[in-house]
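Novice: Sequence:
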Amino acid sequence: MGVEMAFLKNICLFGAAVLLANVAVATEGDAKIGKTKTMACMGCHGPTGNSFVPNFPALAGQPAGYIIKQIKDFKSAGRKNAVMTNFALGINEADLNHIGAYYESQVKTPVMKNIMHLKTDAEKTKLLTLGKKLYDHGNPETGQAACFVCHGRNGDALVDFNIPILANQHPQYLISTLKEFKNRKRTNDDERVMRRIVDTMSNEQIEAVAYYSSYLVSTLEEKK
1 MGVEMAFLKN ICLFGAAVLL ANVAVATEGD AKIGKTKTMA CMGCHGPTGN SFVPNFPALA
61 GQPAGYIIKQ IKDFKSAGRK NAVMTNFALG INEADLNHIG AYYESQVKTP VMKNIMHLKT
121 DAEKTKLLTL GKKLYDHGNP ETGQAACFVC HGRNGDALVD FNIPILANQH PQYLISTLKE
181 FKNRKRTNDD ERVMRRIVDT MSNEQIEAVA YYSSYLVSTL EEKK
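In this text, residue positions in the sequence shown follow full-length UniProt numbering: the first is 1, and each later residue adds one.
Be aware that one or more of the hints could be misleading.
Said to hold, decoys possible - Label pairs and their calculated CB-CB ranges:
| id | residue 1 | residue 2 | range |
| --- | --- | --- | --- |
| 1 | 189 | 85 | 26 to 32 Å |
| 2 | 76 | 183 | 49 to 55 Å |
| 3 | 40 | 78 | 36 to 42 Å |
| 4 | 126 | 80 | 30 to 36 Å |
| 5 | 200 | 40 | 36 to 42 Å |
| 6 | 92 | 122 | 49 to 55 Å |
| 7 | 80 | 200 | 20 to 26 Å |
| 8 | 43 | 140 | 39 to 45 Å |
| 9 | 187 | 86 | 15 to 21 Å |
| 10 | 90 | 136 | 22 to 28 Å |
| 11 | 81 | 192 | 18 to 24 Å |
| 12 | 217 | 93 | 22 to 28 Å |
Stated by the list, open to error - Computed list of lysine to any residue pairs in SDA-like fashion (alpha-carbon distance at most 20 Å, straight line):
| id | residue 1 | residue 2 |
| --- | --- | --- |
| 13 | 75 | 95 |
| 14 | 37 | 107 |
| 15 | 32 | 120 |
| 16 | 185 | 39 |
Treat the hints as calculated values from the structure; they're not laboratory data.
C-beta atoms are modelled at their ideal positions from N, C-alpha and C, and glycine is treated no differently.
Could you put the whole structure together from the sequences, leaning on the hints where they help?
Specialist: Here is the structure:
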């Protein structure tokens, strides 16, 4: 493991430990209560957290602590989105835990990986091959760390540390998220981990990683 990769892995663990400390009460959440608190979320994220719209993230199966952190960041303007901030401001601390528990308990269903803009199988293969290379090995030439270091070989992440699951996520959402980190529209990553990484990536590499990540199958779903 290279110096940069080892450093980022330590940062991932450090940031995750801080996150765990901040959301330790998440285990107290009640998924049944949480379901009743997500009525306003269903229009965009689906009844079970499996969104139908490619630009809206699928929340099903995501770690409760990660869900809670994002809502808190929307409330504090640490993460900016006018619609989400409006919803987040109406959620109290107890309901945060219930909502997190509900989405974590849900089973992720397959999303449509729309690669219709790629006209040939060769183009698709090229994209996914590049994505796998970057996900598994990073890019030594630019110092980009491999994605699996924090997000896991199967895209199911260091779940106990509340790092988001990438497997079977909408690739369009992943692309827009990575670009938001790159252009600084999103800055709520602990220790600037994501910003450090995407700063070294081209748009082609961002797209490749996003599509490859979405094709991964989380082993966690088999345990639910």
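Novice: Just pull the numbers of the violated hints for me, sorted ascending.
Specialist: 1, 2, 3, 10, 12, 15 and 16
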